[in-house]
Amino acid sequence: MDTDYALPLDVLPDAIDAFMQTREHWFDSLSLTAEGEAYFINDLLSWLPNSTITVAFLGGDTALHREIETASRQITDACNVSFDFGFDTATGKFRTWSTNDTERQADIRVSFDQAGFSSLIGRDSINPAVSPPNHPMGGRPYQRSLNLGGFQVLPPANAVGVIRHEFLHAIAFQHEHQHPAGTCDQQFRWNDEPGYVLTTNAAGTYIPDAAGRRPGIYTYMSGYPNNWTRQKVDHNLRPRPAAGALLGSFDRASIMLYRFASLFYFTFPNPCSPTGNGLDLSSGDIEGLLSVYPFEEHEAVRQSARREGVVELLSGWKELPDDLRAGIDNLRHRK
3 MDTDYALPLD VLPDAIDAFM QTREHWFDSL SLTAEGEAYF INDLLSWLPN
53 STITVAFLGG DTALHREIET ASRQITDACN VSFDFGFDTA TGKFRTWSTN
103 DTERQADIRV SFDQAGFSSL IGRDSINPAV SPPNHPMGGR PYQRSLNLGG
153 FQVLPPANAV GVIRHEFLHA IAFQHEHQHP AGTCDQQFRW NDEPGYVLTT
203 NAAGTYIPDA AGRRPGIYTY MSGYPNNWTR QKVDHNLRPR PAAGALLGSF
253 DRASIMLYRF ASLFYFTFPN PCSPTGNGLD LSSGDIEGLL SVYPFEEHEA
303 VRQSARREGV VELLSGWKEL PDDLRAGIDN LRHRK
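At position 284 of the sequence shown the residue is numbered 286 (the working numbering), and the sequence of numbers has no breaks.
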């Protein structure tokens with residue numbers, strides 16, 4: 003069915019994607035071990051244990067805001083971090099923000115008016131260097147940091163899972179299919195089946211040709227609704243050396259493991275296909291949360307001290323790109 007071939011992924015806009023690639027390439031150039039690179043990137047993006055992360059809404063009604071706040075509790079119940087949605091008992095309203103703001107109303111600025119679902123990763127939500135000043139998404143007070151497109155009109159059937167997935171991104175969790183210990187790279191069918199003839203439906207989505215041969219991921223993702231380059235496919239689907247390096251083994255039940263259409267794989271099911279329900283955190287997700295946001299005071303102190311060391315080390319690096327230096331400045335004032 004064509005509906006199996008109309009899969010938009012939760013991915014960041016090109017400008018932000020380019021910033022993230024630049025940052026990752028710079029860290030790659032340092033020739034760090036995978037664990038060392040993971041520590042650097044994790045320390046740049048994650049919040050401190052026991053942080054209170056503020057949230058505000060652009061659009062949507064109180065019922066929708068409450069649904070999002072309620073869904074997010076499964077995350078904060080599992081680890082030492084909290085979300086403050088600014089609920090006012092006098093008005094019965096949650097905190098809001100505006101595209102005219104000059105001062106930041108919240109760390110996470112939720113919107114519903116952009117296409118698709120996406121979130122900046124961790125503290126990138128308060129890093130002004132992640133996108134141009136006129137971009138709708140970014141780290142400035144008037145820019146969106148987390149988007150749940152269309153929720154104010156008709157939330158998807160798996161709305162609770164989408165909310166948790168995006169809020170995990172907002173506290174620095176990455177996609178599980180890019181975990182270096184996983185096998186998704188071998189399970190994904192990157193290239194067209196032999197003899198495939200380029201064929202699209204009316205919307206411009208690549209579909210099987212008249213002989214039933216299927217497009218590969220590179221071809222499929224270059225069409226509607228994604229329109230990705232080969233480079234963007236690799237950045238968003240190939241394993242990332244630092245991804246998950248601090249968060250344990252590959253977890254097929256993780257809510258962060260994307261539920262791809264069957265055409266993405268050679269066979270289905272396979273060792274990369276999800277076993278979770280896509281709605282709830284897995285035990286592996288909770289273990290990962292506790293490793294980054296532990297309740298134990300001695301572990302939280304240890305992490306804070308290590309992160310201070312990262313700040314000082316990177317701050318003194320003369321070759322540090324300006325956009326990364328802006329992120330370091332934010333890190334100095336992290337919660």
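Careful: at least some of the hints might be erroneous.
Said to hold, decoys possible - Beta-carbon label-pair distances, calculated as ranges:
| id | residue 1 | residue 2 | range |
| --- | --- | --- | --- |
| 1 | Trp319 | Asp86 | 20 to 26 Å |
| 2 | Gly61 | Arg304 | 25 to 31 Å |
| 3 | Glu314 | Asp63 | 43 to 49 Å |
| 4 | Trp28 | Arg240 | 52 to 58 Å |
| 5 | Asp236 | Gln154 | 29 to 35 Å |
Hints are computed from structural coordinates only; laboratory data are not their basis. All C-beta atoms, glycine included, are put in the ideal place defined by N, C-alpha and C.
Given the hint of 43 to 49 Å, check if Glu314 and Asp63 actually sit that far apart at their C-beta atoms.
Hint holds: Cβ distance 46 Å, inside 43 to 49 Å.
Please test the hint of 29 to 35 Å on the beta carbon pair from Asp236 and Gln154.
Given range 29 to 35 Å: holds, Cβ gap about 34 Å.
Verdict for Gly61, Arg304 (Cβ pair) under range 25 to 31 Å
Violated: the Cβ-Cβ distance is about 41 Å, outside 25 to 31 Å.
For the hint 52 to 58 Å, verify it against the beta carbon of Trp28 and that of Arg240.
Once the Cβ atoms are compared, 18 Å apart, the range 52 to 58 Å for Arg240 and Trp28 is violated.
If you check the beta carbons of Trp319 and Asp86, does the distance land in 20 to 26 Å?
Because 34 Å falls outside the window, the suggested range is violated.
Consistency with the previously given hints fails for numbers 1, 2, 4, ordered from lowest to highest.
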